[in-house]
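J.: Residue numbers (this note's numbering), protein chains in the order written: chain A, 1 to 246; chain B, 1001 to 1225; chain C, 2001 to 2061.
None of these hints come from the bench; they were simulated from the model.
Cβ coordinates follow ideal geometry from the N, Cα and C atoms, glycine included.
Some hints here could point you the wrong way.
As the list claims (entries may be wrong) - What the simulated footprint calls covered on chain B by chain A, stretch by stretch (three residues with Cβ under 8 Å from a Cβ of chain A suffice, anywhere in the stretch; the number is not a length): (1) 1174-1183; (2) 1202-1213.
Unchecked claim - Chain C is nowhere near these chain A residues, computed Cβ spacing over 10 Å in every case: (3) V87; (4) W110; (5) L221.
What the hints assert, rightly or not - Simulated crosslink set (DSS-like; lysine-lysine; CA at most 25 Å straight-line): (6) C/K2033 x A/K224; (7) C/K2033 x A/K185; (8) A/K101 x C/K2033; (9) A/K224 x A/K212.
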Amino acid sequence: MLYGTRLRALSILTAVTLTAGFGLAFFYAPMDADQGFMQKIFYVHVPLAIVALGGFVFGGVMAIQHLRTRDARYDLRSYVAIHLSLVLGAGVLITGSIWAKASWGHWWVWDEPTLVSFLVVFLLYATYQPLRFSIEDPERQARYASVFAITAGAFVPLNFLAVRLAQAYTHPRVFATTDGGLPAKMQLPFYLCLIGMALLFATLWKYEMASKHTSAQLRSLRRKLGGDDAVAPHGRSAAPSLGTSS
Amino acid sequence: MRRTVGAVLRKELRLELRAPQAVPAMALFSVTTLVVFHFALQRGQVDGDLAAGVLWVTLLFAAMLGTSRLFVADHEEGGLDGFLLAPVDRTALLVAKALALFGFLAAVEVVAVPAFALLLLGPTPDVGAVAALVLVLALADAGIAVVGTLVGALAVQTRARDLLVPLLALPLLIPVVIAAAKATTPLFLPGGAEAVPGRWLAILGLYDLVFGLLAYAVFDYLVED
Amino acid sequence: MTDTLPDNTGYVAAAYLVFFALVLIYVVIMSSKLARFERELSELNELADRQVRERETVGAR
């Protein structure tokens, strides 16, 4: 299966959607009454967060498929999704921190339950790669990683629920969210940004999948042309490797 | 299945009774932690949410100690291989180990909670509060036991198992910490214990259910060969 | 537009810059991978050419 097909169209669509979304956010959406200009961070921070969490859950779904079918390709899909979401997640935490500093003067606040939950989820998924790296046998590594991805994926909604309930009675929700409360003129840019971020995830995911696939194909080709000793031995790695079959 | 669980559970308990390693260490560790808390917080007494926090952090870290050791003996001395050869449902291992861990936690708490009350707790809880505390402990321990068994089984095959167990288990247990701390705070109030909000008990129950089912579904993949 | 920038422009700009930096980092990583692929592929191509030549030399004998 090839991952590079339609990649160009996808990336163009991503660029267009995100540009439109950000453009509308700055030139069409009204200024927020409470927060003023700094509320504009919302249009990059929240879609990024939603997509990162979606990516983690997608990684969990791929992991389920991996355990059911034992097809190593699902493990690679899961790995890339989680890896990508972790990077985006770091972006969520940084932009969230910047927003906190602008709103309340502190680089971190415990008041915003979504940000706090996200930190917990981030810390959990940060262990994914060390876990993989500490298991040498590739088949076992993939299997255990899938178990982890499924467990962590189930954990995400539970964690958000618990943290939100813990905050509900101490602090009112300050930031505008997607659960109703968004004025109409803010909704269009927000949803565009959300779709754009999702497309960005899809684009980067395909990008990385195509890259890993190409790597594996090159390796396989090298083995076929040069014999087994032309290929450098596979050292210990946290990343799954595809076999020689496509 | 029930007989397998019973057999494995009896083995665990007998091993622990014959050569106590985990429970005494965990109990001693929790008492020592309480002393450390006294010096770290620079207080003679705690109450309310601070008391709940101290208690749960202590119990949680003691649990991490016990969890790291849960599968080590089986892994190193071949007990795991023996179990895999037997024609039994492998999930029985999960149930038995989780029950064993729950038992160890309960045993540790028999020491740790009175020690906590003696050393650091300001207000003295009455019978009703103690009963509520026992309920919260039971629900939280169930969650810790399930997650601990899952993470223990995951980590025992890796090279850095002592590091990995707390690293994996602590974030997963945060909802338990949240709910347990919120639930026990009213019990330690200086003005007299108040009722535990049912919401937190519901969260603990939900957590136990979700992770119990998840562990049940997924455990086979960890112990196959 | 007003003469002065609105408050907190710095923070908003920083947040969006972080986002773009992330995306650009991906572009950089991918470009270095692409360079490596190109190099490997040309090596393999040479290897294949060499084998074809050897076979022809053997066949001609």
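J.: Next, verify each hint and record whether it holds.
T.: Consistency of the hints with the structure:
1. 1174-1183: n = 5 at 8 Å, threshold three: holds.
2. 1202-1213: Holds, because 5 residues of the segment 1202-1213 of chain B bring their Cβ atoms closer than 8 Å to Cβ atoms of chain A.
3. V87: violated (7 Å)
4. W110: holds (20 Å)
5. L221: violated (6 Å)
6. C/K2033 x A/K224: OK: C/K2033 and A/K224 at ~22 Å, within 25 Å.
7. C/K2033 x A/K185: violated (42 Å)
8. A/K101 x C/K2033: Between A/K101 and C/K2033 the Cα gap is close to 37 Å, so the pair fails against 25 Å, i.e. violated.
9. A/K224 x A/K212: holds (18 Å)
Going through the hint list in order, the structure does not satisfy hints 3, 5, 7, 8.
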